[in-house]
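No gaps in the numbering here: position 106 of the sequence shown is 106 in the UniProt record's numbering, and each next residue is one more.
Calculated from the structure, these hints are not laboratory results. Take every hint as true, because none was put in to throw you off.
Pair by pair, the computed Cβ-Cβ distance ranges are:
hint: 1; residue 1: Val-156; residue 2: Asp-7; range: 35 to 43 Å
hint: 2; residue 1: Asp-7; residue 2: Thr-163; range: 18 to 26 Å
hint: 3; residue 1: Met-1; residue 2: Val-120; range: 44 to 52 Å
hint: 4; residue 1: Lys-99; residue 2: Phe-150; range: 43 to 51 Å
List of simulated lysine to aspartate or glutamate pairs, DMTMM-like, C-alpha gap at most 20 Å:
hint: 5; residue 1: Lys-130; residue 2: Asp-160
hint: 6; residue 1: Lys-86; residue 2: Glu-75
hint: 7; residue 1: Lys-86; residue 2: Asp-155
hint: 8; residue 1: Lys-133; residue 2: Glu-117
hint: 9; residue 1: Lys-23; residue 2: Glu-104
hint: 10; residue 1: Lys-99; residue 2: Asp-58
hint: 11; residue 1: Lys-86; residue 2: Glu-74
hint: 12; residue 1: Lys-99; residue 2: Glu-72
hint: 13; residue 1: Lys-48; residue 2: Glu-69
Backbone N, C-alpha and C fix where the C-beta goes; we use that ideal spot for every residue, glycine too.
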Amino acid sequence: MIVLRSDVNGSSRTGFTYKWKMKNLLTNSPLENVFRGDDKFDVVVLDKKPVTYSYFADPLYVFMDSEYEQYEIEEENLGDALHYLKDGMECEAVFYDGKAISVELPTTIARQIVYSEPAVKGNTSGNVLKEAKIENAIEAHQHIVQVPLFVSQDDVIEIDTRTNEYKRVVRN
1 MIVLRSDVNG SSRTGFTYKW KMKNLLTNSP LENVFRGDDK FDVVVLDKKP VTYSYFADPL
61 YVFMDSEYEQ YEIEEENLGD ALHYLKDGME CEAVFYDGKA ISVELPTTIA RQIVYSEPAV
121 KGNTSGNVLK EAKIENAIEA HQHIVQVPLF VSQDDVIEID TRTNEYKRVV RN
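Produce the entire structure from the sequences given, and follow the hints as far as they go.
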């Protein structure tokens with residue numbers, strides 16, 4: 001399990017409780033649980049290694065390191081990374097007990113917009129956004145990102161992979 005969010009309740013007199021939102025590293029399933037301040041946990045050591053996305057061999061995604069060692073990761077363990085994978089993309093494989101269990105993407109990536117509606121004339125009040133479909137290697141996992149009206153099809157944009165937010169136009 002990896003802790004995604006932690007909320008603390010209580011006082012020093014009554015004791016603290018911790019509400020954790022977690023993710024199972026092997027199944028990628030979410031879990032919420034409440035713990036007392038005196039609960040004990042085992043520490044898990046995760047290793048990371050730079051890898052490059054190579055190809056999809058249904059239902060596995062194959063990554064390769066600099067020594068041409070291949071690592072297979074199941075689709076359900078990749079989570080949101082599926083939306084951004086592209087052939088030759090560099091990322092970090094996360095290992096548990098010597099087995100690749102997921103990947104971590106770079107914080108920001110550049111992707112071309114493959115489809116976006118044109119801006120509507122007169123719709124300029126405030127911070128108006130529209131949907132844009134971005135390129136990736138897997139057609140079934142094409143992803144939608146909210147972008148400003150001035151961004152158009154074929155533009156290359158920078159996206160924060162942690163929040164799925166548009167950052168800026170890299171190239172028109």
